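Undergrad: Here the structure of chain B is known, so what remains is to put chains V and L in place on it, guided by the hints.
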Amino acid sequence: MTKLHLVRRTGNTLLRRIICYLAAIAISMGIGAILLLSLGINPLDYYSDMLTVGLIGNKYAYKSVEGFLKVFVPLLMVSMALALSFKMRFWNIGGEGEFLIGAMCAAAIAYRCDGMPGPVVLILMCLAAMISSGLVGLAVAFLKCRFNTNETLVTLMMNYIVLYAVKYIGETKAPWNFFLREDSERPLFAKFPDNAIMPGIMIGRFNLLYSVVISVILTVIIYIYLKYTKQGYEIAVVGDSINTARYAGMKVNGIILRTMFISAALIGLAGAFSASASATVSPSMTNNAGWTGIVVAWLSKLSIPGILVAAFLISLLQYGCLAASLSYPEIDQNFADLMQGMILFAVLMSDFLVTFKIVRRKETES
Amino acid sequence: MADEPYAIELRGICKTFGSIKANRNINLTLKKGEILALLGENGSGKTTLMNMLSGIYTPDAGSVFINGAKVTISSPEDSAKLGIGMVHQHFKLVENFSCADNIWIGARDKGFLLKKDRYKIIEDMASEFGFEIDPRKLVSMMSVSEKQTLEILKVLYYGASVIILDEPTAVLTVQETRKLFDVLRRMKESGHSVIIITHKLNEVMEISDRVAVLRKGEYIDTVVTSETTEKKLTELMVGRKIELNINRPAPNKTKPLLEIRNLTVLNDEGSVAVDDLRFYIRGGEILGVAGIAGSGQKELCEAIAGLRHVERGKIIHKGRNIAGLPPKTIFEAGIAFSFIPEDRLGMGLAPNMSIVDNVILKKYKYGTSPFVDRKSGRVEAEDIVKRYEVVTTSVDAPVRQMSGGNVQKVLLGREINASPNVLITAYPVRGLDINSSYLVYDTLNAQKAKGVGVLFVGEDLDVMMELCDKIMVMCHGRLMGVVRAVNTNKEELGLMMTGALDLVNAKEDKPAGIAVDSALTLEEWEREIEAEDKEVDKND
Amino acid sequence: MKKVISLIITAAIMAVSLFTFAGCGAKDGDNGQGDFIVGAIYINSQNDTSGYTYAHHKGLVKAMQDLGLDTTRHLKIVDNVEEDDMAVSNAIDLLAGQGCDIIFGISFGYINAMKEKSEEFSDIVFSHATGYMSNDTNFNNYFGRIYQARYLSGIAAGFKSLALGNNNIGYVSAWGTEYAETCSGINAFALGARSVNPDAVIHVKKISAWGDQEKERQAAEVLIDTYDCCVIGQHCDSAQPQLVAQEKGMFGCGYNSDMTSQAPNAHLTAPIWNWDVYYRYAIETAMNNPASQFVSTVGNYYGGLVEGMVDLTPLSANCEPGTDEAIRLAREAMVTGTWDVFSGSKLVFTVRGGNVEMSIVGDALLDNAGNEIVPAGGPSVDDGVIQGSMNYYLEGVIAE
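Going down the list, the protein sequences come from chains B, V and L.
Note that the numbering used here has the first sequence beginning at 4, numbered continuously upward.
Note that the numbering used here has the second sequence beginning at 46, numbered continuously upward.
Note that the numbering used here has the third sequence beginning at 7, numbered continuously upward.
Bound conformation, chain B alone (with noise of 0.2 Å):
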């Protein structure tokens, strides 16, 4: 008789985690490559297309790295806002929610002051995405210290009113509406004014926006302030055991109302610069970061290395997917979701697999 049982694995190692999630990957391109040639496709041709975001070949290769960043930034910031959070197990899964709130404050301070210099615009709209995303983000974190709320219902709840409330005003003619263009009978979101569009680096042709800089920065900085600040260790503390925080004399409730904050104040802040660089907002902008960027945290164990990597790849996959599906008349976006889809799932499946074992249990005689 010989049954098979899970084991936790011991002593993993990085190349091993590796191999398996490059292994999660080809199963699950081997079943897309089923499909495709069900659908008359060459699945090599489709997968080089996907795996080189459409540079190959490309007019203007340097657009699809512009719209390749567009993706990634807004993801990578997320994440790591929600790792921010997670590690201190907090559960915000607000990211949709506090990245729209940021988005529309930025977007109104871009409406509302045109004709002042640009940078100042630029720096307002910053300091209103993460103002308004992070008092969002206090507030939750109020609510979760002083009437012990489950802040995962109140921050997916709120992710809805948020979207409602932004659908609202984007489909709402009124005087008080600045949103709006106002040379449109049909409700439309203005464009910003040029001040308020975010400047880049030119290097050739390409424009390397300064919020690109700016999130590499910072990556840089949430890194260094989780791993050597005061507060970092404050919040790993927090997130392995209350009762030690406490014990060691740390205000825990300050320790969680600051650091939904920044959680929170960091992804208004990828709001705003998501805004800042389209010039104009939508309620679909988020592009679901919010919801990707708990599976980016996730897949990368709260490390912001790894959040690094996580992010760049699922961007990939996602522009990758987005760009493959072009050339082929047979193929939607809905087959590239499903890809998509199948590709995080086989991912997610392996990492199961990375953590335990399957074994079967070994008859000795004695």
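Please keep in mind that the hints were generated in silico from the structure rather than gathered at the bench.
Any given hint could turn out to be false.
Dumping the calculated DSSO-like pairs for lysine-lysine here, alpha-carbon to alpha-carbon at most 30 Å [what the hints assert, rightly or not]:
1) V:K276 x B:K233
2) V:K192 x V:K165
3) B:K304 x V:K192
4) V:K261 x B:K360
5) B:K176 x L:K221
Here are a few chain B residues that face chain V, going by a calculated C-beta distance under 10 Å [to be verified]:
6) F150
7) G207
8) Y226
9) I227
10) Q234
11) D243
12) N246
If you want a taste of the chain B side facing chain V, the calculated C-beta under 7 Å gives, among others [as the list claims (entries may be wrong)]:
13) G43
14) T232
15) K233
16) V240
17) T247
18) Y250
19) S353
The model shown is predicted, which means the values in this text are computed figures rather than measured ones.
For every residue, glycine included, the Cβ atom is placed at its ideal position computed from N, Cα and C.
TA: For chains V and L alone, coordinates are given in the frame of chain B:
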């Protein structure tokens, strides 16, 4: 033996976790209707071995025979089907369920509906083995010993003929332990076999028929209890002779460092846990705190450390009332606090963080730099590891990966490294093996010699009587009296712990435990000390 | 250690990407000359089998086939693109990168992004359906005079209501006055119905979505049950209103495709689009001219019955006698240019002894509040009104 097969026989069991060999070639036999004690130091592989019997782990090699037949145990269900039940150190109970429902949820063939008479069934079973338990009581309302009783009842209900108890007495009082042993004997009479894991040699001698000894993952020997002595067992266990007597240097008394006046503290549920308590600790002495588990020891410690709200009363440290001050201020005033809770990791340590990070826990905030100073933390961590012989792969390893004893050494080491003038330590040897325990005693004595006032909350009366200078006894949060360790005996302490003997007002001229005003001058103190010493001489 | 490895891997991946990027830069223009590539941005899936996107896709494919372009190689599509400037900009960047020479955007909300991008990519033609923006070189908008076909379907509805002796006609509309597209359709339908039955009233039920089967069904049910409507016109994606009409023994005019197959006992006729007419014209022009001359050649395109851009499906057997003849006459009036829908004169149909007679009567065009839009005998309203700013209902229309 040839006529009757063993209830359990293990042959050549091996188990490896990563690079650690937890069990190497273990052979063990358990007769039907016997109580076998499994003895070994911390980390000697006792719990691992028993977890393999209960199906939580599967052995890498070796075979298990039950009643002479070879079996494979690959899950807890397999184990239960074979009639093996284990009572774990950490209870596995649903807090919001009643006693009966906790038993019911795990029962096989329980059918679809809850049976109305399930309370009756449990009650009958309890009385058969002599348990005292209310089947309707919620687990969250139960005391530790009740929870343990429930765990035992559970495995009996599931039809276990072999019951494994992992350090069952660690959380029990003397009286409760006695009760447990009665139950075990009754189980033995009814044909059950029992394996009991314990560190306490006196209990081994009292309850077991045979003793199996493990050392560092290896099987050493099995001896018949009646043919051995505590000394011999200790030798088997640690592999060398050790001094059994705890050293107690004469105290070098100074002014009371900490004086507790009319202290009242509430517990988490809001009822009075510490009731109008008053006592004092001098520098250079060890004051033991004895009492049945849950008599307010935890709340007292927390109140002193500033972790719990003080309802009424004063805590005077060096002439300053520290009641109500934040924990950080109290720590910085030199009051160190190490509390080993029942789960050993609940308070004072961050289990997923490294030794270095745990060592700096209380002083990470020092200095104006926004960064945590891990450099000095690392030096300190390495020093603690070396000085207290902490077994670990590295100071960067999470403390969760270390065995309980090593975790405690880190915790205590950290507190002592803060060079406190008052050291509050609760259950510092809880679950420690003998070697480690002595290391702790020596450490505490060293602190005492340095003039530190030590408050030692303990559970083993024998140890307290040998280690402490004075013993304060609490019962339901009330002071029952402070006695000199040399002048008392276990019976007197036991009576005080149960509230049968109250010494607070025994002497009319000088009520025990009332501190003299700590604002007295030095000369006056010296006179006080002389008077006390005279009293001791008189009693001797 | 882990960190170091992770960082190295990240750096490696990023470096590879950048090298690829650099390599591609060198290959610039590979795709430029020989092939003509068409790009399209769809609001729904290109694999749809009915509805708005389907109609466009079908037309585009047909036009390309007619012009001898291979749709597997020369057609690049980004679909399911929401009306979100960011998403549309990204889609355009992708299509531009793939060497598209002309990019069609089929949904109104793409307007901002297409305008922006037409300035950025001056070598690409941008053509936007249902919009109102354009420039003088490479960005135009296109649409059809669907209101002409709706007027014709209104005639069929008018005959039906006259025969049933019920003046209540219903109309399930995605939107109301906020879109000139829906608003002009409703008004044309009303004028058509009232040309036959002057007492007819059009009850409009707005569902606030281009396609939502459940809402479409509910709206049709309310129109029949509460407002006692006998014919249901529609401007929404599915055949639900027709199905409801059939279930309740009433009649209806569909949209976008011949819905007679879905509701054989109820359906009269449906206004439809022939997008291939424009696509053929636009692609052919773009192939033969530089992008900068596109607008000066094509202009803003607004084809109607004359061009065949819009049409009516064959009348079903449910239509009243005389419908056929009346529609033929009205169509002739519009095709020959003697008359158009939103002018200061109206068509009036009378049936005498089985013969349909049509007369053109000068009559002011009034909105449903009684304000005069076009004086009696005046010319048809400007195209811009129907494309962008018609935001009122005409006489005989009631918003419910």
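Undergrad: Take the C-alpha atoms of V:K261 and B:K360, compute the straight-line distance between them, and say whether it is at most 30 Å.
TA: Holds - the C-alpha atoms of B:K360 and V:K261 are around 27 Å apart, at most 30 Å.
Undergrad: Closer than 10 Å between Cβ atoms is the bar; does B:Q234 clear it against chain V? Give me holds or violated.
TA: OK, holds: B:Q234 within 10 Å of chain V, min 7 Å.
Undergrad: For a C-alpha distance cap of 30 Å, please report whether V:K192 and V:K165 respect it.
TA: Holds - the C-alpha atoms of V:K165 and V:K192 are around 19 Å apart, at most 30 Å.
Undergrad: Is it true that the CA of B:K176 sits at most 30 Å from the CA of L:K221?
TA: At roughly 23 Å apart (the allowed maximum being 30 Å), L:K221 and B:K176 satisfy the hint.
Undergrad: Hey, does the B:D243 contact hint survive, CB to chain V under 10 Å?
TA: holds (4 Å)
Undergrad: Given B:T247 was flagged as interface, is its beta-carbon under 7 Å from a beta-carbon of chain V?
TA: Hint holds; B:T247 Cβ to chain V Cβ min 5 Å, cut 7 Å.
Undergrad: Given the hint that B:K304 pairs with V:K192, test it: the Cα-Cα distance must not exceed 30 Å.
TA: Roughly 36 Å separates the two Cα atoms, so the pair is violated.
Undergrad: Hold the hint about B:T232 up to the distance rule: shortest CB distance to chain V must be less than 7 Å.
TA: With a minimum Cβ separation of about 5 Å from chain V (threshold 7 Å), the hint on B:T232 holds.
Undergrad: Answer holds if the nearest beta-carbon of chain V is closer than 10 Å to that of B:I227; otherwise answer violated.
TA: holds (8 Å)
Undergrad: Does B:G207 pass the interface hint, meaning its C-beta sits closer than 10 Å to a C-beta of chain V?
TA: At 40 Å from the nearest chain V Cβ, B:G207 fails the 10 Å test, so the hint is violated.
Undergrad: Does the nearest C-beta of chain V fall within a distance shorter than 7 Å of the C-beta of B:S353?
TA: violated (21 Å)
Undergrad: Should the hint that B:K233 touches chain V count as held when the rule is a Cβ pair under 7 Å?
TA: holds (5 Å)
The structure does not agree with the numbered hints 1, 3, 6, 7, 8, 13, 19 stated previously, though it agrees with the rest.
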